[in-house]
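A.B. asks: Here is what each chain is made of, one letter per residue.
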Amino acid sequence: MRRAERGQSLFVLLALAAPAMTLAETAPPQIYYSTFPANVTGAGVGIVADNAGNAYVLTNDGGISLVSPQGVISAAGSVSGSPAAIAVNFANGATYVSWMDFSSGNSYVSQIGGSQVLLPTANFAYVSGIAVDSNTGHVYAVETYFPPTDTNGDGALLVLEYDAGLNGPLKSVTIDKGDAAYLEADGPSAAVDSAGNVYVAAFQNDFTPQPAPLRPLEHDAVLALKFSPHLTQTLYNHEFDVGLLPAFFPFPVDIAADPAGDAYLAVSADLADVSGNGYRGGVLAKLNPAAGAVFTNNTISLGGNPQGGFTSEFPAVAGDAASNSYVLANINDASGSHVQAVKYAPDGSIAWNFGIFGNNGTSGGNAIATDAQSNVYMVGQNSSASGNFTYVAKFGQGTGAAVLTAVSAASQDATPTKTLSAPLGVKVTRGGQPAANVNVRWDFTSLPSGTTGQDLLEVPGFPSTVVASRDVPTNANGESDVQVQLGNMSGDYLVAAQVSGATPGQINFTLHGKIFIGISLSTPTIVPLMLDGIVHPDSVLVASVTVYGAGGPGDTIVGYPVVVRSTYVARSGGHDHENGHRPVGVFTVTNSTEIYGITGNNGLFAAVFRSSWTGGVETLTAGTTSDLSVSSVSAIVQVKVADQTNAPLVDISTVAYPFITYSGNTGVTTYKFCPGTPIHHPSSHWATVATSTSALAALEDWYNKTKVVLGVNDMSLAEGGIFDICSDWRPTLNSRTEPGHKCHRGGNSVDIDKTGLSNAQIQKLTAIMGKFGGNRVIEGPIHYQFPGRENCFGAGGQ
Amino acid sequence: MRSRLFGCFLLCGTVTAAGAQPLPAGIPTSTVTVKTSVTFDPASGIFQYSYTLTNSPQSVGQIFSFDLNLSNSSGGAPLSSDGLTNTATGYSGLGDFPTVSGMIPVGFKSQPVGWDSGPTVHQTATWFSGSIPPGQSQGPFVLTSHAPPGIRTFVAKPLYEPSDFIKQGIDDPGVSYDDAQKIVDLDKAIQATIQSQGFTVGPVQPASLTNPSQLIDSLIAAKHQAANLGWLGGKDFIDDLDKQLSEAKQALSRQQDSEAPERIRKFIDMLQQQHREQSERHRDDRHEGREHHDDHERFLSSEAYQLLEVNAEVILSQLPAPHKQQRGDDDEHRDGGHQDDGR
Chain A
1 MRRAERGQSL FVLLALAAPA MTLAETAPPQ IYYSTFPANV TGAGVGIVAD NAGNAYVLTN
61 DGGISLVSPQ GVISAAGSVS GSPAAIAVNF ANGATYVSWM DFSSGNSYVS QIGGSQVLLP
121 TANFAYVSGI AVDSNTGHVY AVETYFPPTD TNGDGALLVL EYDAGLNGPL KSVTIDKGDA
181 AYLEADGPSA AVDSAGNVYV AAFQNDFTPQ PAPLRPLEHD AVLALKFSPH LTQTLYNHEF
241 DVGLLPAFFP FPVDIAADPA GDAYLAVSAD LADVSGNGYR GGVLAKLNPA AGAVFTNNTI
301 SLGGNPQGGF TSEFPAVAGD AASNSYVLAN INDASGSHVQ AVKYAPDGSI AWNFGIFGNN
361 GTSGGNAIAT DAQSNVYMVG QNSSASGNFT YVAKFGQGTG AAVLTAVSAA SQDATPTKTL
421 SAPLGVKVTR GGQPAANVNV RWDFTSLPSG TTGQDLLEVP GFPSTVVASR DVPTNANGES
481 DVQVQLGNMS GDYLVAAQVS GATPGQINFT LHGKIFIGIS LSTPTIVPLM LDGIVHPDSV
541 LVASVTVYGA GGPGDTIVGY PVVVRSTYVA RSGGHDHENG HRPVGVFTVT NSTEIYGITG
601 NNGLFAAVFR SSWTGGVETL TAGTTSDLSV SSVSAIVQVK VADQTNAPLV DISTVAYPFI
661 TYSGNTGVTT YKFCPGTPIH HPSSHWATVA TSTSALAALE DWYNKTKVVL GVNDMSLAEG
721 GIFDICSDWR PTLNSRTEPG HKCHRGGNSV DIDKTGLSNA QIQKLTAIMG KFGGNRVIEG
781 PIHYQFPGRE NCFGAGGQ
Chain B
1 MRSRLFGCFL LCGTVTAAGA QPLPAGIPTS TVTVKTSVTF DPASGIFQYS YTLTNSPQSV
61 GQIFSFDLNL SNSSGGAPLS SDGLTNTATG YSGLGDFPTV SGMIPVGFKS QPVGWDSGPT
121 VHQTATWFSG SIPPGQSQGP FVLTSHAPPG IRTFVAKPLY EPSDFIKQGI DDPGVSYDDA
181 QKIVDLDKAI QATIQSQGFT VGPVQPASLT NPSQLIDSLI AAKHQAANLG WLGGKDFIDD
241 LDKQLSEAKQ ALSRQQDSEA PERIRKFIDM LQQQHREQSE RHRDDRHEGR EHHDDHERFL
301 SSEAYQLLEV NAEVILSQLP APHKQQRGDD DEHRDGGHQD DGR
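Residue numbers (this note's numbering), protein chains in the order written: chain A, 1 to 798; chain B, 1 to 343.
Calculated directly from the structure, the hints in this document are not laboratory data. Ideal Cβ placement from N, Cα and C applies to all residues, glycine included. There's no promise every hint is true.
Rough simulated footprint, nothing fancy, chain A against chain B, three-plus residues with beta-carbon under 8 Å [unchecked claim]: (1) 156-167; (2) 176-187.
Taking lysine-lysine and the DSSO-like style, the derived pairs with C-alpha atoms no more than 27 Å apart in a straight line are [unchecked claim]: (3) K754/A to K182/B; (4) K514/A to K418/A; (5) K182/B to K167/B; (6) K754/A to K188/B; (7) K754/A to K167/B; (8) K705/A to K754/A; (9) K235/B to K249/B; (10) K188/B to K167/B; (11) K754/A to K707/A.
Assemble the whole structure, with the sequences as input and the hints as a guide.
C.D. replies: Following this line, the structure appears as structure tokens:
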């Protein structure tokens, strides 16, 4: 709503400036700022906005411009006379303009794109305010009216009601105080609240006759009127003083109303500057439904320099559904003219206030309006080097339904227990414009099973508190961001951003909590469990499982559940069963082939692994217990006997020596099929390099002395481990009653076939074996034990 | 340089191990004495060690093998193998593997017929495959070495077949780990019981072969060891021997070239005198041994005489020339004296 332009200066628009004081609210963001085309030369007279975010600007050249929600200006029509006011039906966007043809003295109300009505003319009348009841579509117009009965020209107010098609008047009310008072309504001096009550403001100048020769006592005041819907009843007719008294032309320039029935009047009145001198300033008065003053504010409180006769004003006022009021303030001081937009809270305190174009000394505002979303529209004038121009600007949350869009990727990978590298974000717009201070509710809507420790962090570094949801209002750009810290499980985390009433009301983000697993072994090689019927100290290793994120092994994840399992590689050692089965090592804590654990503070889970009785290759595989999508990792364990140089066992039966023969299993691929026992073993003539070399040297020495060829029987199996060919093999960790070749597990044993040998020959052979380090052990055949890992009851040893 | 030979003969005492658990009846226990003769050839620097083994008439088993410890873990002067040959019939070495390190280089010169010999990976010289019945002796088992005499351990084992006394093997059906350990332990106990082991004189690694001061130190140490083993007795006698060696070393430190040889010479004279007197007293073939003497009686065993006298002669050979020239006439006299049986 806006009064008629009153010859303000033109201004140059530049930039926004921050308010100088601490205020209750942050000034709304600018949605658009648009300048009119050069051919639009008129200054702004009024501005209205519909619920779709369209704004209509009336300029004093009669032009009517449509401003799209994006701030694009286009011509919407024109009137041929002098425009007075513009009003809109919020329900359907029907827009009306009141104007006067001075050449004929007629006043009109025209609907943009619609019909037009000639207002009553009488002797003289000029239209000012216009308002629309969005509930009924009826249009109310206010004329300053000089009926034929008016003999002294003191005027009256004529309030008229038309239907949406401007048929009527359906009703009219005349306010005439007779010869005692002069009434004049000017500009947008009418308003309608959401209940259909009609408000009118006017200037009243009355005279109280005094005894001659005294002059009549003059009293200038503001007259505020309120009518019930359809003008059926005058609710108040309130005359009140504004500014210095006696007042001099306190001229109402705009009026607005809110749904609560409050009225807001912007008045140009005389105020006192700091020196006590009068100057022209603006006053905002809020009247409650009973016409009582709620507050009055003036331009002095908005800064500027109320000194030296400069003129300031509130050129326009608007209200909103929350009983806030908005004014434009043109502050003139020694540095020039500056326009401010000011929001007053219901109690009259300043909610926000900002100089729209900075303090460049040339800016000015003409009209202000709000829409249903409390967006603020304003039109004014400014100047540039090329001349004056009209601008229109919009501040606030945009118009229409909130639209929620995702700023972040809807689906992305993340690391459990870690904060996302970039926050999740959504943007709220209305009418395509950012909507600030819109509450966005962020929620974890779904978590992987067993997850703990998830968090929504409003800002990076915000003290971590495990929360399931957080409210983060949109910023000036309409964006709401939240940092997300995943819990301790991998899998999909669903985070939803919700805005009540928005379209869509919720946006889901899927965060794929990914982990990687690594496994390392304290040693890749261990010896079979029981070389000597006891747990050999070299038969254990530590398997270390690390869980880490996308940042690599250093990006460790604490508290992640893992499982490690051991399996054998079939036919990878000297002991195989026909179906490929063979014993496999176990984890000492569980005494089983699998162990479950949780990574510690260093992202590590470690478990002691103990070999089985058999030699060969085993695999330790680490995986997760909760997320099947995570790839497991494996490490190879060589369970084998080696000599001091870590050289593997060798099979001497692959070489034919003239001084020995081989008994039992020979050759790399030879398997023994024990009757009734499907157990296969390749050659049984494996030994460490040292043992095989020593034994062969001894046997050759023997042969050189005796020329007797000896038969070499069992030694060890490939890789060592339990040697149980054809035995009833039931190895258990705690049993010490197992049969089988007890001392043929470490590659340090050689059995010699003693068939045909005398005791003296055996003694001689024993002496020769002893030369090379072999000690005889009483077995079935002649058993010689050489030094090595296999202690053999004290006969061998290191 | 004229070759000179020093030598003597001795009988070494024996110790028979006792088993720690009940042992089977009839195991071939044995008691062995070792008689050692050491000679030194200054020209080649080679010592010759000859051993004669006597199986006691009280023994049950026939001696099958004899091992002499030759380990060298003390470092010291490198010892040459020059001139050391393995001419004994039945000798066999270890070949290229395993390499025996830390063993005194020796040559297996000769041994009785029917015996085999050679080094072992345990740094011993071994003779085996022989048979010395109870009450009989066999020898000599002859080694050569550049190492001077020192105190060595020996082990003599009788012919022994464990299966004759231990009826189960460790892998026999029903034999548990505990049973197997008992079998092995019993076998060890039997072997420890039936074998003979003790101390004798054999080649040892010297600190030096040419430094008189270090040689004297080694001789002092050998004298102490011999005394501790009971090979040497009589406080006055031992003190007198110590005095000679101490003054010899002091003379060396004072560079009194004539004094040191005189003291070593005196040391040798004292040994020889005691040895002669003792031999005369025991001409009736009594066994020598500490148990025959109290702490105050002057006593010198054959092992001690062999050990100390030969090493003292080596020291004399390394002392300055004037004294060596002075010793020349005496050497001729002494060589003649050593060519008798020395008893």
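A.B. asks: Given the hinted pair K514/A and K418/A, is their Cα-Cα distance within 27 Å?
C.D. replies: holds, 11 Å
A.B. asks: Using a Cβ cutoff of 8 Å, are there at least 3 residues of the stretch 156-167 of chain B near chain A, or does the coverage claim fail?
C.D. replies: holds (count 7)
A.B. asks: Holds or violated: are the alpha carbons of K754/A and K167/B at most 27 Å from each other?
C.D. replies: Holds, at roughly 16 Å.
A.B. asks: Is it true that the CA of K754/A sits at most 27 Å from the CA of K707/A?
C.D. replies: Holds, because 15 Å separates the two Cα atoms, which is no more than 27 Å.
A.B. asks: Mind checking the alpha carbons of K235/B and K249/B for me, to see if they're no more than 27 Å apart?
C.D. replies: The given pair, whose Cα atoms are some 21 Å apart, holds under the 27 Å limit.
A.B. asks: Are K182/B and K167/B close enough, with their CA atoms no more than 27 Å apart?
C.D. replies: Cα-Cα ~12 Å, so holds.
A.B. asks: Does K754/A sit within 27 Å of K705/A, going by the straight-line distance between their CA atoms?
C.D. replies: Measuring from Cα to Cα gives roughly 17 Å; hence the hint holds.
A.B. asks: Can the restraint linking K754/A and K188/B be considered satisfied, given a maximum Cα separation of 27 Å?
C.D. replies: holds, 21 Å
A.B. asks: Counting residues of the stretch 176-187 of chain B with a beta carbon closer than 8 Å to any beta carbon of chain A, are there 3 or more?
C.D. replies: Holds: 9 residues of the stretch 176-187 of chain B have a Cβ under 8 Å from chain A.
A.B. asks: Hint check: K754/A vs K182/B, CA-CA at most 27 Å. Holds or violated?
C.D. replies: Within the cut-off at roughly 23 Å; holds.
A.B. asks: Is K188/B within 27 Å of K167/B, Cα to Cα?
C.D. replies: Holds, at about 15 Å.
Going through the hint list in order, the structure satisfies each hint without exception.
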